[in-house]
Amino acid sequence: MKLALGPILYYWERETTFNFYDEIAASPVDTVYLGETVCSRRHTLRTEDWIEVADKLAAAGKEVILSSQALIESESDLKTLRRIVDNGKFMVEANDMGAVHRLSAARLPFVSGPHINTYNPQTLSLLAELGAKRWVMPVEMSRVALGHMLRDRPSNLETEVFAYGRLPLAFSARCFTARHHNLPKDDCQFRCMDYVNGLTLKTREGQPFLALNGTQTQSASVYNLIGELDAMRETGVDVVRVSPQAFFTAKILRLFREVMDNRLPAQTANQQMTKLMPDQACDGYWHGRPGIEQSYLQASSAENAA
Amino acid sequence: MSPKASLELVCPAGNLPALKVAVDNGADCVYMGFKDNTNARAFAGLNFDQASAREGVRYAHARGTKVLLALNTFPQSDTWERWQAAVDNAVELGIDAVILADPGLMRYAAKNYPNLRLHLSVQGSATNYEAINFYHEHFGIQRAVIPRVLSLAQVEQVVKNTPVEIELFGFGGLCVMVEGRCALSSYATGESPNTCGVCSPAKAVRWEQTPTGLESRLNGILLDRYGKDENAGYPTLCKGRFEVNNETYYAIEEPTSLNTLEMLPEMIAMGIAAIKIEGRQRSPAYVEQVTKVWRSAIDSAKRAPDSYAVNPAWMAQLNKVAEGQQNTLGAYHRPWK
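Protein chains in written order, with our numbering: chain A, 1 to 306; chain B, 1 to 337.
Next up, chain A with everything else stripped away, as it sits in the complex (with noise of 0.2 Å):
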């Protein structure tokens, strides 16, 4: 299994970006898909910023591939999908099926994102028809589910899974970040800047539940399948994704790595991630459960490093 970091779904400084990748260029992973898939307003770093960190990663020796944005709402989300997929270089993973149109017409093979709705074998082999060389499981999908997806899996397709990170749960045209802070979105002051890990939603209870990001709304809890990298691998997972945050998922791209390689038991590294997840873990969608429940070695919370 190949072990790969996702896009970074917060909107973080510049120069943080930059450290960011000078760090995961020297870790353990195999592919670094890149780009803003949440906000058009985000523009620390432009496409062409995004192809710069792509050549340095690939020359570092990694397989890189473009993200495309998830909710495509206007003409300049458009022209910003155009230039990823005409970017000549990188393969482009398609999060919406306005991306999927542009990449099958120019005949460009491509990653099937985590948002693009694959629910079925007939669905999956008509990604495959399109072009797409790996498909990313939707996160609500079980292992069971997984399964019955894989039994007569079209060839030459890989499977990724969201294995590790605070679970993009929902999508909306309303800045909920912008709301906490009573701004419209048009001048949200980019106030998301603020919270590298998301804005914490708790219930009135004081229960953590959901994470604000902008217009994307996360858990709080943080999704981690470090207990099942064995049951991954016999259901014929190919791609294992860790989703960036702020702090230690080099450390966390570390622990993958050596769980995958058999060079560190999961419980282990499960003990070690307890102090560098900013929430506590949560695995219920993989069991077919609700996805907040938590089963492996119910493991205790960290404080909130935020």
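Quick caveat, the hints were computed from the structure, so don't treat them as lab data. Quick caveat: nothing in here was measured; it's all calculated off a predicted structure. Yeah, the Cβ is synthetic: ideal placement off N, Cα and C, and Gly gets one too. Warning: the hint list may mix true and false statements.
[As the list claims (entries may be wrong)] The calculated lysine to aspartate or glutamate pairs, modelled on DMTMM-like cross-linking and capped at a C-alpha distance of 20 Å, are: (1) B:Lys160 / A:Asp77; (2) A:Lys202 / B:Glu156; (3) B:Lys111 / A:Glu129; (4) A:Lys202 / B:Glu215; (5) A:Lys79 / B:Glu156; (6) B:Lys337 / A:Asp187; (7) B:Lys337 / A:Glu129; (8) A:Lys133 / B:Asp229; (9) B:Lys228 / A:Glu293; (10) B:Lys337 / A:Asp186; (11) B:Lys203 / A:Glu293; (12) B:Lys160 / A:Glu75.
[Claimed, not checked] Quick look at which bits of chain B chain A covers, simulated, 3 or more residues with Cβ under 8 Å: (13) 66 to 72; (14) 76 to 83; (15) 96 to 110; (16) 114 to 127; (17) 132 to 143; (18) 183 to 190; (19) 222 to 236.
[Claimed, not checked] From chain A, some residues computed to sit far from chain B (all C-beta separations above 12 Å): (20) Arg14; (21) His43; (22) Glu52; (23) Asp77; (24) Arg82; (25) Lys89; (26) Phe90; (27) Gln189; (28) Asp230; (29) Thr268; (30) Glu293; (31) Leu297.
For chain A, the structure is supplied; the task is to place chain B on it using the hints.
Here is chain B on its own, set in the frame of chain A:
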């Protein structure tokens, strides 16, 4: 006939009585679902079995009203046959169009029933013309229902760049998230619109009177707590009150209804093909009231778009049945975002 003259009113039919009042009060189309999880309102006591579907189609067609069938959830590997059979059944019943979200199912329908009219469901999450044109080129869809996230200017951009008819939500419950791209419900309960055709399912809801007020919980998660003087609505996950940075408020959305009556002339002028009324889960009384008002409004806007004004009596009637007794223009009006 120019598209401007052909704006259709599409009304919800959760059961046969609702279908009949929608037809009797001027719906151009009614939309319904079968009694299972092949549609996004898979609620107990709702929807149509074979006999009521047959009677519904007969009743509507006899009065010149079209019947659309929502098959807009995503079939899973082990239950694929149910969705496939539902498409076969729609053809057999003489349904005028099926409303689909899953690309695999769309391919099945297009291949096996080339004459069956296909609509892209709002659950298909198509928010730009490239996505809509994908479904048009591959499966020949003739209409797309747009998620409730675009501004009216963005909708116009879509209309100008696709041969596909565009249907917009005009009234009813408001999804804040892009439809088809929201797993909040399964995160809390294990069941989502995509996989099970439900959001915040009733079986996961618990109401409890406590010393601090009436509490609503979804699978144990506290969604809201109501004081004595507050109205407690259905506990939809995104419409609860939560704490963010020690401030308690409707962090995602207030309990509110979408109402776009005032935008009708603009929608007609930009060539929108149909206006959809949400609410298959609502009563026949709701369907009757809303259909009546929207029929009058559409007729009035078509007759004299320049002098069109929202009749206060229409608003009064709609407010009586609106969710949360509040109205919003939603994302069509940019400042909402």
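TODO: Mind verifying the non-interface call on leucine 297 of chain A? Its CB should be farther than 12 Å from each CB in chain B.
DONE: Leucine 297 of chain A clear of chain B: closest Cβ-Cβ about 21 Å, beyond 12 Å.
TODO: Examine each Cβ of chain B, and state whether all of them lie more than 12 Å from the Cβ of aspartate 230 of chain A.
DONE: holds, 22 Å
Task: 20 Å limit on alpha-carbon distance, applied to hinted pair lysine 337 of chain B and aspartate 186 of chain A - done: holds, 8 Å
TODO: Assess, step by step, whether the Cα of lysine 160 of chain B is no farther than 20 Å from the Cα of aspartate 77 of chain A, and give holds or violated.
DONE: holds, 16 Å
Task: Agreement of lysine 160 of chain B and glutamate 75 of chain A with the hint, judged by alpha carbon distance not exceeding 20 Å - done: holds, 12 Å
Open item on the list: Please check whether the region 183 to 190 of chain B has three or more residues whose CB lies within less than 8 Å of a CB on chain A.
Closed with: It holds, with 7 qualifying residues against the three required.
- [ ] Compare the distance between the alpha carbons of lysine 202 of chain A and glutamate 156 of chain B with 20 Å, and conclude whether the hinted pair is satisfied.
- [x] violated, 38 Å
Task: Given coverage of the region 76 to 83 of chain B by chain A, tested with a Cβ cutoff of 8 Å and a minimum of 3 residues - done: holds (count 4)
Open item on the list: Can you confirm whether chain A covers the region 114 to 127 of chain B, using C-beta to C-beta distances below 8 Å and requiring at least three such residues?
Closed with: Holds, because 4 residues of the region 114 to 127 of chain B bring their Cβ atoms closer than 8 Å to Cβ atoms of chain A.
Task: Given as non-interface: aspartate 77 of chain A, partner chain B, CB spacing beyond 12 Å - done: violated, 7 Å
- [ ] Would you check whether the claim that glutamate 293 of chain A is not at the interface survives, using Cβ distances to chain B and the 12 Å cut-off?
- [x] violated, 8 Å
Open item on the list: Hinted pair, alpha-carbon criterion (20 Å max): lysine 337 of chain B, glutamate 129 of chain A. Please report holds or violated.
Closed with: violated, 37 Å
In summary, the structure is inconsistent with hints 2, 7, 8, 9, 13, 23, 24 and 30 from the numbered list given earlier, while agreeing with the others.
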